[in-house]
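Sequences listed follow chains A and B, in order.
Position one of the first sequence corresponds to residue 38 (the numbering used here), numbered consecutively onward.
Position one of the second sequence corresponds to residue 38 (the numbering used here), numbered consecutively onward.
I should point out that these hints are in silico values taken from the structure, not numbers from a laboratory.
From a predicted model like this one, the values you see are computed outputs, not experimental measurements.
Yeah, the Cβ is synthetic: ideal placement off N, Cα and C, and Gly gets one too.
Certain hints may be false.
Using C-beta positions, here's what the derived DEER-type ranges look like [to be verified]:
1) B:D214 / A:A183: 52 to 58 angstroms
2) B:A281 / A:M173: 53 to 59 angstroms
3) A:R191 / B:S228: 30 to 36 angstroms
4) B:D163 / A:G92: 33 to 39 angstroms
5) A:S228 / B:H65: 24 to 30 angstroms
6) A:P169 / B:E146: 48 to 54 angstroms
7) A:S230 / B:A165: 27 to 33 angstroms
8) B:T261 / A:G92: 48 to 54 angstroms
9) B:A165 / A:T148: 53 to 59 angstroms
10) A:S228 / B:D258: 40 to 46 angstroms
11) A:D278 / B:E185: 39 to 45 angstroms
Each chain is listed here by its residues.
2 protein chains.
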Amino acid sequence: MRTTTENAQLALLLEVSGTPKPGNVDRHREYDDLRFEHFLSGAVCARDGLRLAAGGAEVGESFRRAVAGMSQQSGGNTQFGALLLLTPLVRASAAQDLNPDGTRRVVSETTVEDAVAFYKAFEYVDVAVPEPPEGMGPLDVRRGAAAESALRERGLTLADVMERSRDHDGIAAEWVDGYPRTFEAADRIESESGPVTDRAAAAYLDLLTEEVDTFVATQHDPETAAEIRRRAAAVQAGEEDAEAFAAELVERNINPGTTADLVAGGLFVALERGLEV
Amino acid sequence: MRTTTENAQLALLLEVSGTPKPGNVDRHREYDDLRFEHFLSGAVCARDGLRLAAGGAEVGESFRRAVAGMSQQSGGNTQFGALLLLTPLVRASAAQDLNPDGTRRVVSETTVEDAVAFYKAFEYVDVAVPEPPEGMGPLDVRRGAAAESALRERGLTLADVMERSRDHDGIAAEWVDGYPRTFEAADRIESESGPVTDRAAAAYLDLLTEEVDTFVATQHDPETAAEIRRRAAAVQAGEEDAEAFAAELVERNINPGTTADLVAGGLFVALERGLEV
Numbered sequence: 038m039r040t041t042t043e044n045a046q047l048a049l050l051l052e053v054s055g056t057p058k059p060g061n062v063d064r065h066r067e068y069d070d071l072r073f074e075h076f077l078s079g080a081v082c083a084r085d086g087l088r089l090a091a092g093g094a095e096v097g098e099s100f101r102r103a104v105a106g107m108s109q110q111s112g113g114n115t116q117f118g119a120l121l122l123l124t125p126l127v128r129a130s131a132a133q134d135l136n137p138d139g140t141r142r143v144v145s146e147t148t149v150e151d152a153v154a155f156y157k158a159f160e161y162v163d164v165a166v167p168e169p170p171e172g173m174g175p176l177d178v179r180r181g182a183a184a185e186s187a188l189r190e191r192g193l194t195l196a197d198v199m200e201r202s203r204d205h206d207g208i209a210a211e212w213v214d215g216y217p218r219t220f221e222a223a224d225r226i227e228s229e230s231g232p233v234t235d236r237a238a239a240a241y242l243d244l245l246t247e248e249v250d251t252f253v254a255t256q257h258d259p260e261t262a263a264e265i266r267r268r269a270a271a272v273q274a275g276e277e278d279a280e281a282f283a284a285e286l287v288e289r290n291i292n293p294g295t296t297a298d299l300v301a302g303g304l305f306v307a308l309e310r311g312l313e314v
Numbered sequence: 038m039r040t041t042t043e044n045a046q047l048a049l050l051l052e053v054s055g056t057p058k059p060g061n062v063d064r065h066r067e068y069d070d071l072r073f074e075h076f077l078s079g080a081v082c083a084r085d086g087l088r089l090a091a092g093g094a095e096v097g098e099s100f101r102r103a104v105a106g107m108s109q110q111s112g113g114n115t116q117f118g119a120l121l122l123l124t125p126l127v128r129a130s131a132a133q134d135l136n137p138d139g140t141r142r143v144v145s146e147t148t149v150e151d152a153v154a155f156y157k158a159f160e161y162v163d164v165a166v167p168e169p170p171e172g173m174g175p176l177d178v179r180r181g182a183a184a185e186s187a188l189r190e191r192g193l194t195l196a197d198v199m200e201r202s203r204d205h206d207g208i209a210a211e212w213v214d215g216y217p218r219t220f221e222a223a224d225r226i227e228s229e230s231g232p233v234t235d236r237a238a239a240a241y242l243d244l245l246t247e248e249v250d251t252f253v254a255t256q257h258d259p260e261t262a263a264e265i266r267r268r269a270a271a272v273q274a275g276e277e278d279a280e281a282f283a284a285e286l287v288e289r290n291i292n293p294g295t296t297a298d299l300v301a302g303g304l305f306v307a308l309e310r311g312l313e314v
């Protein structure tokens, strides 16, 4: 039996190995400066943080440690979003509570300390984030540890921070809504058969057609995100070729990373529920 | 900085991700019942055993634990040989002694207990091994723990066992000879540039041309092993296409697994010496 920590690491590796996963690094496609091997290292070295969460430690500190380990490679941000999505799931699973209400419990128990640790995690890698709204400058995540006093003054927990980001960040939305898309992805992965990496790729395409990828909206613009969603649906309808679509997105540097993160989360849930590999 | 344990796991993952690696599972090729995902799980779950070795524990027990973890997936034998090659290297590196003499010291210190643990490791997965020579039936590795009394009666250490296998097993030869091919592979990987997985694939082809793969000789016959070596040289000379050769070997189920194991060992040495990923 794999441990919860091992399943979290394996979920990260299975996610990046599914292909085609249009726009993201996968087994067949990579960027010159962000390669498959960087994701391998990220998954191996995220372990200490994931293990903290599996042992019941605070979500914020566990996440910060996971990101510190993940960033021990030269590709930059490989799995920041996936780890953010995974940490409460790992914590819930460790409490034998891996279900929507279980994740809500974990999230609702986060504190200001968790928020401070979350901000510190941004110091390890560059993460694409939107400009903060008017008056929110002191809480810009890019400030990292420098935002600590603003967080403490306003008494913001990590759940509060996620609540404020939910409309423009698909991971924050999962955090505050009980992980609906993640659990749906797990159900789909479990309901299919064949190689798990193929099922991961199929789940990715499904998710991509259902909602716009918030990372693409941030990295590019809402129009691009809408285009990607529409064209993923065309791929599913057999009107576009998946491989050609994948090649084009790499060419245009469009990475639906949030959708990939949801697949990693779905894989973790499925593995914890007994999915055979 | 990655730990020694993390580098050992990463070496396993980088090895399987190099492509083309004619005949073996890689990022682009897999068998229906032995897939890329099985190697991912094997690398993640071998950790506890590798960590024992990195902490200075006995080589035999560390290896047995690594194999027990590795085998927690449904594909069967993914990294038995690679772990056997890696364990003394990990132990030597933990002693700040990762060089040919250092591996000789680790090997020379193995005991009968190490041999017993090594035999037990064969109980976790089916490993292709040659028929034992006349009179060696009681020491057939396929007997697993049942060979314990024969090992104890004859007072055989794990180094003794390897010495007896060196002529027909390329991993045993590395054990008793100070890992010459492994360190050479590390040198080559370090001397090139570009993606590490590409360098791993290049090192694999080099090694394949230099000596016959003992796993192929065992799994098939010496003639097949000789053919593979000759044709690998033709690929390097530009007379054969690497991808077509790779496809043919998968079709014929010819897996130069020992050569792949040497690449994993070379990657580990290079990573420990500071190779950037």
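Consistency of the hints with the structure:
1. B:D214 / A:A183: 52 to 58 angstroms: For D214 of chain B and A183 of chain A the Cβ distance comes to about 56 angstroms; the hint holds.
2. B:A281 / A:M173: 53 to 59 angstroms: holds (58 angstroms)
3. A:R191 / B:S228: 30 to 36 angstroms: violated (55 angstroms)
4. B:D163 / A:G92: 33 to 39 angstroms: Roughly 35 angstroms apart at Cβ, these two residues keep to the hinted range, so it holds.
5. A:S228 / B:H65: 24 to 30 angstroms: holds (27 angstroms)
6. A:P169 / B:E146: 48 to 54 angstroms: violated (60 angstroms)
7. A:S230 / B:A165: 27 to 33 angstroms: Between S230 of chain A and A165 of chain B, where Cβ atoms are some 28 angstroms apart, the hint holds.
8. B:T261 / A:G92: 48 to 54 angstroms: holds (50 angstroms)
9. B:A165 / A:T148: 53 to 59 angstroms: holds (55 angstroms)
10. A:S228 / B:D258: 40 to 46 angstroms: Given a distance of about 45 angstroms, which is inside 40 to 46 angstroms, the answer is holds.
11. A:D278 / B:E185: 39 to 45 angstroms: violated (58 angstroms)
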